[in-house]
Amino acid sequence: MIDFMIILFGMTMIYIAGTSRIDVYVRALFMQGILLFLLVITDYGTKHLGNLIFLSFETLVVKAIVIPMFLTKIIHKNEIQREVEPYIPYFYSRLIASIIFALGFYAAYWSIGKAPDVRPLYFGTSVSTIIIGLLMIVTRKKIITHVIGFMLIENGIFCLALSIAKEMPFIVALGVLLDLFIAVYLFGLFINKIHDTFAETDVQTLSHLKD
Amino acid sequence: MMIAMILLTPLILSILIFMRKSEKFGGVCNLFYAIVLLIASFRLYLKPDSFTHFFGTDQVNILFLLILAVLYLGVSFYNTEYIKHKKASAYSHALYAINFLLFPASMAGVILSTHLGMLWVFVEATTLTSAYLIYFNQSGSSLEATWKYIFICSVGIALAFVGIIILSMGLGNSDSLFFDDLYKNAKLINPFWLKLSLSFILVGFGTKVGFAPVHAWLPDAHSESPSPVSALLSGTLLNAALLGVIRVSKILKLAGLEWYVNHLLLLMGFLSLFICAVFIIRIKNYKRMLAYSSIENMGIIAIGLGSGELGTFAAMLHLTAHSFIKASLFLTSGNIVHRFGTKNISEVRGLLNADKMTGWLWIVSFIAIAGMPPFPLFLSEFFIAKSLLSNGSIFYTILFFLFLTIILAAMGRSVLRMSFGDMPLTDVQVSEQKKLSIPEYLPQLVFLMMLIIMSMLPGGFLNLLEHAAKGL
Numbered sequence: 000m001i002d003f004m005i006i007l008f009g010m011t012m013i014y015i016a017g018t019s020r021i022d023v024y025v026r027a028l029f030m031q032g033i034l035l036f037l038l039v040i041t042d043y044g045t046k047h048l049g050n051l052i053f054l055s056f057e058t059l060v061v062k063a064i065v066i067p068m069f070l071t072k073i074i075h076k077n078e079i080q081r082e083v084e085p086y087i088p089y090f091y092s093r094l095i096a097s098i099i100f101a102l103g104f105y106a107a108y109w110s111i112g113k114a115p116d117v118r119p120l121y122f123g124t125s126v127s128t129i130i131i132g133l134l135m136i137v138t139r140k141k142i143i144t145h146v147i148g149f150m151l152i153e154n155g156i157f158c159l160a161l162s163i164a165k166e167m168p169f170i171v172a173l174g175v176l177l178d179l180f181i182a183v184y185l186f187g188l189f190i191n192k193i194h195d196t197f198a199e200t201d202v203q204t205l206s207h208l209k210d
Numbered sequence: 000m001m002i003a004m005i006l007l008t009p010l011i012l013s014i015l016i017f018m019r020k021s022e023k024f025g026g027v028c029n030l031f032y033a034i035v036l037l038i039a040s041f042r043l044y045l046k047p048d049s050f051t052h053f054f055g056t057d058q059v060n061i062l063f064l065l066i067l068a069v070l071y072l073g074v075s076f077y078n079t080e081y082i083k084h085k086k087a088s089a090y091s092h093a094l095y096a097i098n099f100l101l102f103p104a105s106m107a108g109v110i111l112s113t114h115l116g117m118l119w120v121f122v123e124a125t126t127l128t129s130a131y132l133i134y135f136n137q138s139g140s141s142l143e144a145t146w147k148y149i150f151i152c153s154v155g156i157a158l159a160f161v162g163i164i165i166l167s168m169g170l171g172n173s174d175s176l177f178f179d180d181l182y183k184n185a186k187l188i189n190p191f192w193l194k195l196s197l198s199f200i201l202v203g204f205g206t207k208v209g210f211a212p213v214h215a216w217l218p219d220a221h222s223e224s225p226s227p228v229s230a231l232l233s234g235t236l237l238n239a240a241l242l243g244v245i246r247v248s249k250i251l252k253l254a255g256l257e258w259y260v261n262h263l264l265l266l267m268g269f270l271s272l273f274i275c276a277v278f279i280i281r282i283k284n285y286k287r288m289l290a291y292s293s294i295e296n297m298g299i300i301a302i303g304l305g306s307g308e309l310g311t312f313a314a315m316l317h318l319t320a321h322s323f324i325k326a327s328l329f330l331t332s333g334n335i336v337h338r339f340g341t342k343n344i345s346e347v348r349g350l351l352n353a354d355k356m357t358g359w360l361w362i363v364s365f366i367a368i369a370g371m372p373p374f375p376l377f378l379s380e381f382f383i384a385k386s387l388l389s390n391g392s393i394f395y396t397i398l399f400f401l402f403l404t405i406i407l408a409a410m411g412r413s414v415l416r417m418s419f420g421d422m423p424l425t426d427v428q429v430s431e432q433k434k435l436s437i438p439e440y441l442p443q444l445v446f447l448m449m450l451i452i453m454s455m456l457p458g459g460f461l462n463l464l465e466h467a468a469k470g471l
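As they're listed, the protein sequences go chains A and B. Following numbering that gives the first Met the number 0 from start to finish, the first sequence increments by one per residue and tops out at 210. Following numbering that gives the first Met the number 0 from start to finish, the second sequence increments by one per residue and tops out at 471.
Any given hint could turn out to be false.
Cut-off 30 Å, straight-line C-alpha distance, at most; resulting in silico cross-link-like pairs (DSS-like, lysine-lysine) [unchecked claim]: (1) K192/A - K283/B; (2) K342/B - K192/A; (3) K85/B - K355/B; (4) K194/B - K192/A; (5) K192/A - K83/B; (6) K183/B - K113/A; (7) K283/B - K209/A; (8) K113/A - K23/B; (9) K209/A - K86/B; (10) K249/B - K192/A; (11) K23/B - K192/A; (12) K434/B - K113/A; (13) K209/A - K186/B; (14) K83/B - K140/A; (15) K192/A - K20/B; (16) K113/A - K283/B; (17) K252/B - K113/A; (18) K209/A - K194/B.
Output of the computed footprint for chain A on chain B, the stretches with three or more beta carbons under 8 Å from beta carbons of chain A [what the hints assert, rightly or not]: (19) 108–117; (20) 135–143; (21) 149–160; (22) 163–172; (23) 214–228.
What the hints contain is simulated information worked out from the structure, not anything from laboratory work. All values derive from a computational prediction rather than experimental measurement. We put the CB at the ideal spot given by N, CA and C, even for glycine.
From just these sequences and the hints, can you work out the full model?
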C-alpha cells in the first residue's frame with residue numbers, strides 16, 4: 000500500500016514534467032499533498048502523537064489546500080494559463096524525468112549497502128523528485144512555474160525526511176514550516192509586483208541586471 | 000537572559016513601529032535595538048550564557064556576534080540620516096524599519112544557534128526578513144534583484160536542508176542534531192553520508208555566503224539595495240551563513256575527513272577568486288564592484304579555512320576586518336550615490352573636489368580592502384599565503400597572488416578614476432544642495448580607526464581571534 004502511494008507520487012512528477020497547463024501543475028501539487036498525508040498516517044506510526052498531528056496538519060492543510068489555493072489565486076489574478084515554449088520540448092523533458100527516476104532508483108539500491116536503514120523506493124523517489132523540481136526551474140520560463148518547481152522540491156524533501164525514521168524536534172519542524180509558508184507568501188506578493196511593473200510574468204523580463 | 004533580550008526586543012519594537020508609522024521613530028528604534036544588541040553581546044562575551052537548549056554562546060560564535068553588534072550599531076546610526084533622503088510612504092518606511100530590526104535579529108539567531116535544524120530555520124529567516132529591505136527602492140531593477148535573491152537563496156537553502164536530512168541518515172543510533180552531540184559522535188557517523196551531506200550543505204549555505212558557482216544573486220542584491228542594507232548584507236549576512244558552513248565542516252574534521260573539507264573549501268575559494276577576477280575587470284557599476292569584491296573576500300576566507308591551522312586563524316582575522324572595511328565602503332558608496340545620483344563609474348568624477356570627506360573615506364577604505372598595512376587584511380592575506388606555502392602548494396600560492404593582483408588593479412583603476420579629476424560643471428550647483436551630515440561620515444571613520452588600532456594594539460582582540468580559531 001505504501002509502495003503504491005510512493006509510485007503514484009512519482010508518477011505525478013513524470014506527468015508534470017511533460018505538460019504545459021499551469022492549472023494541472025497546481026492540481027498535481029494538491030494530489031501530492033494528499034498522497035503525502037496518506038503516507039504520513041499509514042507509515043508514520045503512533046510513536047509521537049503530537050508530531051503525527053503536526054505532520055498531518057502540514058500535509059493536509061498547508062501542502063494540499065492552502066498553498067494550491069494561494070497559487071490558484073495568483074494565477075487568476077495575473078491571468079496566466081499556459082507555460083510558454085520551454086527551453087526543452089515537453090516530450091524530451093518527460094523522457095529526461097524518466098531517466099532521472101531510473102538513475103535515482105539505481106543510486107538508491109546502490110546506496111543500501113552504505114546505510115542499511117534507508118528504504119530504496121522512498122529514497123529514489125524523493126531524490127528524483129528534487130532533481131526534477133530543479134529541472135523544471137531551469138527549463139521553464141514562467142515565474143509561477145519556478146515557484147511550483149520550488150514547491151515540488153519541498154515535497155521531495157518532505158518525502159526524503161519521511162524515508163528516515165528519525166524526525167526533527169517539534170520546534171524545528173514548526174520553524175521549517177513557518178519559513179516555507181512565508182517564502183511562498185512572499186513569492187506570491189512579488190509575482191503580483193512583477194506583473195504590475197512589467198505587465199509580464201516571464202523570466203526574460205528579469206534579465207536587466209548583468210555584467 | 001541576554002540572548003532572550005537579543006531575540007525578543009525586535010518583536011516588541013516592531014509592534015511599536017507599526018503602530019506609530021513615522022520614519023524618525025523607526026530610525027530611533029533601530030538605533031535603540033543596536034545599543035541593546037551591543038550591550039548584550041558584550042555581557043555575553045564576559046559571561047557566556049545559554050537560552051533554552053537551542054541557543055548559546057561559545058568561543059566561536061561570540062566573535063561573530065560581536066562583529067554583528069558593532070557593525071549594526073554603526074550602520075543604524077548612518078541609517079537614521081540616510082532614510083531622510085528617501086521619499087516613500089509612511090507605510091513603506093515602517094516596513095523598512097521593522098525589517099531593519101528583524102534582519103539583524105535573525106542573523107543573531109543564526110549565530111547563536113546550537114542546533115543544526117535551528118540554524119537552518121534562522122538562515123531561511125534572514126532571507127525573508129531582508130527581502131523587503133532589498134526591494135525598498137521599489138524600482139524595476141530592485142524588484143528583479145529581490146526576486147533573484149529570494150528565489151535563488153530559497154532553493155539553495157532547501158538543498159542545505161537535504162544535506163541535514165542526509166546527515167541524520169548517517170547518524171546511526173543517536174538522533175540529536177545539536178552541534179555538541181555531533182562533535183562528540185563525529186567518529187560514529189557513516190563517512191559516506193557525512194561527505195554527501197557536507198556537499199549539499201556547502202552548496203546550500205554557500206549560496207548565502209556567495210561562493211562562486213552559486214553567487215548569482217549577490218551582485219544584483221548588493222547593488223540594488225539601499226546602502227545601509229548592502230553594508231549589512233556584505234558585512235554580516237555572509238559571515239552568518241559562513242558560520243553554518245564552518246560548524247558543519249568541523250564535524251568532518253573531527254571525523255578524520257579533513258582532507259575532504261579542505262579540498263572542497265579550496266576549490267570553492269579559488270573559483271570565487273577566479274569569477275571575481277574575470278568580472279571585475281570590465282565592471283561599470285561601483286556598487287557591483289564592491290559586491291564582487293565581497294565574493295573575492297569570501298573566497299579568500301574559504302581558502303584560509305581550507306589551508307590548515309594558521310590559515311584558519313588568518314581567516315578569522317580576514318573575516319573580521321573584511322566586515323568592517325566592506326561596510327565602510329558600502330556606506331561611503333551610499334554617500335556617492337546621494338551626491339552624484341548615479342551608480343556608473345564613468346559618470347563619477349572629482350569625488351575629492353565634490354566632497355572631501357567622502358573622497359578620502361573612499362580612498363582609504365580602498366587601501367584597506369587592498370590589503371595594505373596598517374590594515375589587518377595585509378596580515379591575514381600574508382598568513383594565508385604563508386600557510387598555503389607551508390602546505391607545499393606553490394602553484395596555489397602563485398594563483399592566489401595572481402588573482403588578488405588582477406582584482407586589486409581593476410578596483411584601483413575605478414576608485415582612482417572616481418576620486419580625482421574635476422567635477423562636471425553641471426554638478427557643482429546641484430551638489431551644494433546635497434550636503435551630507437555627520438552621521439553619514441562618522442561610522443566609516445570609526446570602523447577604519449578601529450581596524451588600525453586593532454592591528455597596532457591587538458591585545459584582547461587577538462585573544463578573541465585565537466579562541467575562535469581554536470574552536471573551529
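May I ask which of the numbered hints given earlier this structure violates, with the numbers listed in increasing order?
-> 4, 8, 10, 12, 13, 14, 16 and 18
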